[in-house]
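Engineer: Sequence:
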Amino acid sequence: LGVSPMRTIIIGGGRVGQALATRLENRGEYVVVVETDPDVAERARAEGFTVYEGDGSDTEALRAADIDDAKRFITTTADDDINLLACQLAITKFDVASVYSRVNDPDNVDAFDSIGVTGIDATTATAAAIDDEIERPALTHWMNELGDSHDVQEVEVTSRELAGKSIRDLNARIPDDTFVAVISRDGENRVPSADSVLEMGDSVTFIGATDGVRRAMERFHPHD
20 LGVSPMRTII
30 IGGGRVGQAL
40 ATRLENRGEY
50 VVVVETDPDV
60 AERARAEGFT
70 VYEGDGSDTE
80 ALRAADIDDA
90 KRFITTTADD
100 DINLLACQLA
110 ITKFDVASVY
120 SRVNDPDNVD
130 AFDSIGVTGI
140 DATTATAAAI
150 DDEIERPALT
160 HWMNELGDSH
170 DVQEVEVTSR
180 ELAGKSIRDL
190 NARIPDDTFV
200 AVISRDGENR
210 VPSADSVLEM
220 GDSVTFIGAT
230 DGVRRAMERF
240 HPHD
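Residue numbers are given in our numbering: position 194 of the sequence shown equals residue 213, and the series is strictly consecutive.
Hints were generated in silico from the structure; no laboratory data involved.
In this text, a Cβ means the ideal position worked out from N, Cα and C, and glycines have one as well.
Hints are not guaranteed to be accurate.
Unchecked claim - What follows is a list of derived Cβ distance ranges for each label pair:
id, residue 1, residue 2, range
1, D124, E237, 37 to 43 Å
2, A83, E152, 36 to 42 Å
3, D56, H160, 31 to 37 Å
4, D88, V216, 35 to 41 Å
5, D100, P24, 29 to 35 Å
6, Q107, E66, 28 to 34 Å
7, D56, K112, 20 to 26 Å
8, D100, D214, 47 to 53 Å
9, D58, M162, 31 to 37 Å
10, G220, G67, 34 to 40 Å
11, A148, D87, 31 to 37 Å
12, T78, P57, 17 to 23 Å
13, V216, D56, 49 to 55 Å
14, D124, E218, 35 to 41 Å
What the hints assert, rightly or not - Straight-line Cα separation of at most 20 Å, SDA-like style, residue types lysine to any residue; simulated pairs:
id, residue 1, residue 2
15, K90, E44
16, K90, T137
17, K90, M236
18, K90, T177
19, K112, S133
20, K184, P241
21, K184, M219
22, K184, N208
23, K112, I101
24, K112, I134
25, K90, T69
26, K184, E173
27, K90, Y119
28, K184, H240
29, K112, A80
30, K90, E79
31, K184, D214
32, K112, E79
33, K90, L104
34, K184, S203
35, K90, R42
36, K90, P24
37, K184, D195
38, K184, E218
39, K112, D85
40, K90, V50
With the sequences and hints as input, model every part of the structure.
Structural biologist: Dropping the structure here:
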């Protein structure tokens with residue numbers, strides 16, 4: 020019928036864009052990379068990525084990449100002006116709900132935040148990654164291997180059958196190799212006890228085997 024799958028669009032096919040695309044595809048996401056440089060685009064294709072050659076800050080290029088079917092939009096270029104403009108288009112022209120961006124200059128984070136973009140300050144993120152490697156190397160290595168045999172995922176509780184029940188009651192619905200690590204409600208995060216009760220709209224973070232996490236997410240969020 021020619022129905023396009025929901026997708027994540029990544030602007031920028033360089034090292035950051037490809038690394039991110041790999042992680043998302045390993046989780047089963049459908050990813051389209053938009054890259055303006057023909058040589059970079061060709062190298063990304065050679066690595067097996069779906070690539071559209073065009074300017075990610077151009078409306079027609081985004082339409083050609085089927086941005087109307089995008090559930091998530093991410094900019095990863097080394098130019099904050101391009102990233103900001105592309106994000107503005109995704110929000111104002113195409114109403115993409117989830118928009119993220121690499122922010123190369125920490126002073127520009129507020130500009131991204133002001134238009135509703137989740138900005139990832141590359142400088143701070145790199146410093147945090149090095150600090151994590153120093154302070155908690157085992158956890159850092161485990162997190163870097165996510166998607167192979169284990170995973171960490173957050174999902175909104177939309178199952179009316181499960182809402183109102185405690186973690187103790189829900190354990191039978193959660194695969195043995197998976198557990199609830201965090202419950203987020205009204206902007207507050209807490210580690211649950213067996214007596215913690217879930218509510219509709221809570222965000223639940225699962226940790227466990229990749230397949231177990233996937234099955235738990237499907238049970239707690241059956242309506243996507």
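Engineer: Give a verdict on every hint.
Structural biologist: Tested hints:
no., hint, verdict
1, D124 x E237: 37 to 43 Å, "holds, 40 Å"
2, A83 x E152: 36 to 42 Å, "holds, 40 Å"
3, D56 x H160: 31 to 37 Å, "holds, 33 Å"
4, D88 x V216: 35 to 41 Å, "holds, 37 Å"
5, D100 x P24: 29 to 35 Å, "holds, 31 Å"
6, Q107 x E66: 28 to 34 Å, "holds, 29 Å"
7, D56 x K112: 20 to 26 Å, "holds, 24 Å"
8, D100 x D214: 47 to 53 Å, "holds, 51 Å"
9, D58 x M162: 31 to 37 Å, "holds, 33 Å"
10, G220 x G67: 34 to 40 Å, "holds, 38 Å"
11, A148 x D87: 31 to 37 Å, "holds, 35 Å"
12, T78 x P57: 17 to 23 Å, "holds, 21 Å"
13, V216 x D56: 49 to 55 Å, "holds, 52 Å"
14, D124 x E218: 35 to 41 Å, "holds, 40 Å"
15, K90 x E44, "holds, 14 Å"
16, K90 x T137, "holds, 15 Å"
17, K90 x M236, "holds, 17 Å"
18, K90 x T177, "holds, 18 Å"
19, K112 x S133, "holds, 17 Å"
20, K184 x P241, "holds, 16 Å"
21, K184 x M219, "holds, 10 Å"
22, K184 x N208, "holds, 18 Å"
23, K112 x I101, "holds, 16 Å"
24, K112 x I134, "holds, 13 Å"
25, K90 x T69, "holds, 16 Å"
26, K184 x E173, "holds, 18 Å"
27, K90 x Y119, "holds, 12 Å"
28, K184 x H240, "holds, 15 Å"
29, K112 x A80, "holds, 13 Å"
30, K90 x E79, "holds, 18 Å"
31, K184 x D214, "holds, 9 Å"
32, K112 x E79, "holds, 11 Å"
33, K90 x L104, "holds, 18 Å"
34, K184 x S203, "holds, 16 Å"
35, K90 x R42, "holds, 17 Å"
36, K90 x P24, "holds, 10 Å"
37, K184 x D195, "holds, 18 Å"
38, K184 x E218, "holds, 8 Å"
39, K112 x D85, "holds, 13 Å"
40, K90 x V50, "holds, 10 Å"
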